[in-house]
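J.: Fit chain to chain and form the complex, with the hints in mind.
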Amino acid sequence: MAHDGHDHDHHHGSELSPIALRVKALESLLIEKGYVDPAAMDALIETYETKIGPRNGARVVAKAWTDPAYRKWLFEDATAAIASLGYTGRQGEHMVALENTPDTHNMVVCTLCSCYPWPVLGLPPVWYKSPPYRSRAVIDPRGVLKEFGVELPATTQVKVWDSTAEIRYLVIPMRPAETRDWSEEKLAEIVTRDSMIGTGLVQVPA
Amino acid sequence: MNGAHDLGGAMGFGPVAPEPNEPVFHEDWERRVYGLMAAVGDVGGWSIDEDRSACEAMSPATYLKTGYYEHWLHGLEYLLVKHGLATPQEIATGKILSPRKTVPEATTAGEVWERVTGPGSYLRQPQSPARFKPGDKVRTRNIHPETHTRLPRYARGRTGEITLVHGCHVFPDSNAMGTGEDPHWLYAVTFTARELWGRDTADTVTLDLWEPYLEPA
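Chains as they are written, first to last, in the numbering used here: chain C, 1 to 206; chain Y, 1001 to 1217.
Just so you know, these hints were derived from the structure itself, not from any lab. As the structure is a computational prediction, the values presented were derived from the model and not from experiment. Just so you know, even glycine gets a beta-carbon here, dropped at the ideal spot from N, CA and C. Hints are not guaranteed to be accurate.
Cut-off 25 Å, straight-line C-alpha distance, at most; resulting in silico cross-link-like pairs (DSS-like, lysine-lysine) [stated by the list, open to error]:
#1 Y:K1065 / C:K129
#2 C:K72 / Y:K1101
#3 C:K186 / C:K72
#4 C:K146 / C:K51
#5 Y:K1101 / C:K24
#6 Y:K1095 / C:K33
#7 C:K129 / C:K146
#8 Y:K1082 / C:K72
#9 C:K24 / Y:K1082
#10 Y:K1133 / C:K24
#11 C:K72 / C:K146
#12 C:K33 / C:K51
#13 C:K63 / C:K186
Simulated coverage check for chain C against chain Y, where a stretch passes if three residues somewhere in it have a Cβ under 8 Å from a Cβ of chain Y [as the list claims (entries may be wrong)]:
#14 17-24
#15 153-160
With the rest of the complex left out, here is chain Y (with noise of 0.2 Å):
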């Protein structure tokens, strides 16, 4: 989707603004939406490719307005609502009119440390040889889907060279759409910043990319 959360060389935000001695919440409702998010997460039945996508979803000028914790709220409510565990008159009001869905057991705080430190892995068994290896040279499509995707609009219908090949992955563009993992063979992509923008420099910029947004060069 070409959506406003699609940045990557987009002009005019104005300098990085580091903060020194930065806190992990500035905002007690930040902490809050991040436990319900975490929290949520383990019952809710999405994928984090479809927790990203429901970010997504904002009104571009939504989401450039807001910060971080606010697209989570935004994504968390939409989810919600998606997967029949609250409706929207119960989010708007804080109160139960609905039946409470049938999910499984809330993490309780003794199984946290296990949830958020135990193993996960988005490696799959690969259905067919990795199409590509270490220098070999691709073009990315130019593809504009109106669903999720994780290949940004600056690196579309450009040449790169492969420079890590990381396995066989969940791919997101299926899996955000809740139509199952479709795994495909993931690689890091370098693309020279002369072939992104035009620049006469040595610098480069490498990007993760699934086998289907790639084509042989």
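Bound conformation, chain C alone (with noise of 0.2 Å):
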């Protein structure tokens, strides 16, 4: 099988891979029997590598910690709260914001395939989808924090939500001190993806 492909794009010095081969084969088929639209295809793809991103989620927390009536509604309502600034569709059709405080730190999970709240966070990274983080996170969570350099306190409590149904979280986390006098875009530049997801916390750069 792998040397099925073996004269394709020989020429180039690229060859395919055996799965690469496959894809290519079955995006030809459904192309030609019109299921696909090839620019619309390129277009879906668009929309998450350049549009759809976690700097959504870093608004929305650089505005809960600088607009307490939104911080209010965003933890009373996180779907409106978080449609309002046009964060909407595919996997965020429910959304849940979780507090972090110093005495509880959320952590989001899927155990059982890689639910994560894509308006706001874009694609999950692999790790998210990976065996090493989806069996851990549940049963080991300050463990797996550590890996990624997080270590709390024994009196912070972790509550970590693994997402078996079509509700998706969002992690506000806890804003550091010395920002008190910064504006909205600035603190949403210091946001990140982990730390939005539990496994991060936000820290300003040095």
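T.: As structure tokens, then:
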């Protein structure tokens, strides 16, 4: 099987792997059958490579840090509060925001597949979809956090959320104390993807 | 289904390996699988639950040896055959060997943004009032269906507390089978690490669980 596509692209010096060939064949079949418009496929890919990603979530967090009315709304009705910033749709139909505090650290996983809030964080990173994280986040969350460089005091309760339904969770991390006079725009720049999954803390760059 | 996908609490997979400045896709074929699944999903006539169930139908050894987009590719090929959009021979050869199935018009590039960001909801009209309220103690049923379920093994037969009532949602266990949405009340149920793992800590795990998974404790 590995040699089926031996002559494909050989002259380009970039031989396709068996799985790449399998996907290429499937793509041409589905386009030829008229089930897929290739331009739509490209637009779908481009949407998640360039338009929808963790910068969206960072804007939600920065607004929650600077606007008390928005923060209140976010914890009461995250779906509506997040939609008000224009972040809606697939894999974000039902949102819940989780508040990190000195007493409580929330962290999100999907042990059964890789459910993730696409409208605010984009498509998930490989580690989020892989067995080490999916297996251990629920049984050893503090051990996992250490691998991300996060050590929490024993007095902080870790609450893990396993996304087993169509509810998508967004962690609202703690705001660093030294950012008191920062603008919402500047704050959004320091909010990391991992801090909104709950595997990181927001830090002011040195 | 007690498959390899049900990973909560499993051991031996090693440390988590975050990748700095990770790209959205690592290989071009992953990009294409994503685009194909998203585009065909608009016309294929299957639900997200059926899609998850199809990915879980991989053999356990293959599931663990392969990554996310290979799971998707397996699921997509399975669904295309199951729903009559393509035959296994067509998938193997990439050549048309059977008539095209009549499906809705393919999504155009101009419709993509609306399709991706447009409103959607898994909430449905309840047929009966919610059985539980926040603070209620519940025990998960010790069930082992051979078909799709969203009650992971590690949380079966355990006692927890209702923390949120999410509303009445499409029930994946039936929707994945194509036997209807059969909506049920959905709750966030919180378990202590002691109850789940016998560990002496105040940490908790919360899962979203439908009423048929639960009984009063």
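J.: All hints, please: hold or fail.
T.: Each hint tested on the structure:
no.	hint	in the structure
1	Y:K1065 / C:K129	13 Å, holds
2	C:K72 / Y:K1101	50 Å, violated
3	C:K186 / C:K72	21 Å, holds
4	C:K146 / C:K51	31 Å, violated
5	Y:K1101 / C:K24	21 Å, holds
6	Y:K1095 / C:K33	9 Å, holds
7	C:K129 / C:K146	19 Å, holds
8	Y:K1082 / C:K72	46 Å, violated
9	C:K24 / Y:K1082	21 Å, holds
10	Y:K1133 / C:K24	51 Å, violated
11	C:K72 / C:K146	31 Å, violated
12	C:K33 / C:K51	29 Å, violated
13	C:K63 / C:K186	11 Å, holds
14	17-24	holds (count 6)
15	153-160	holds (count 4)
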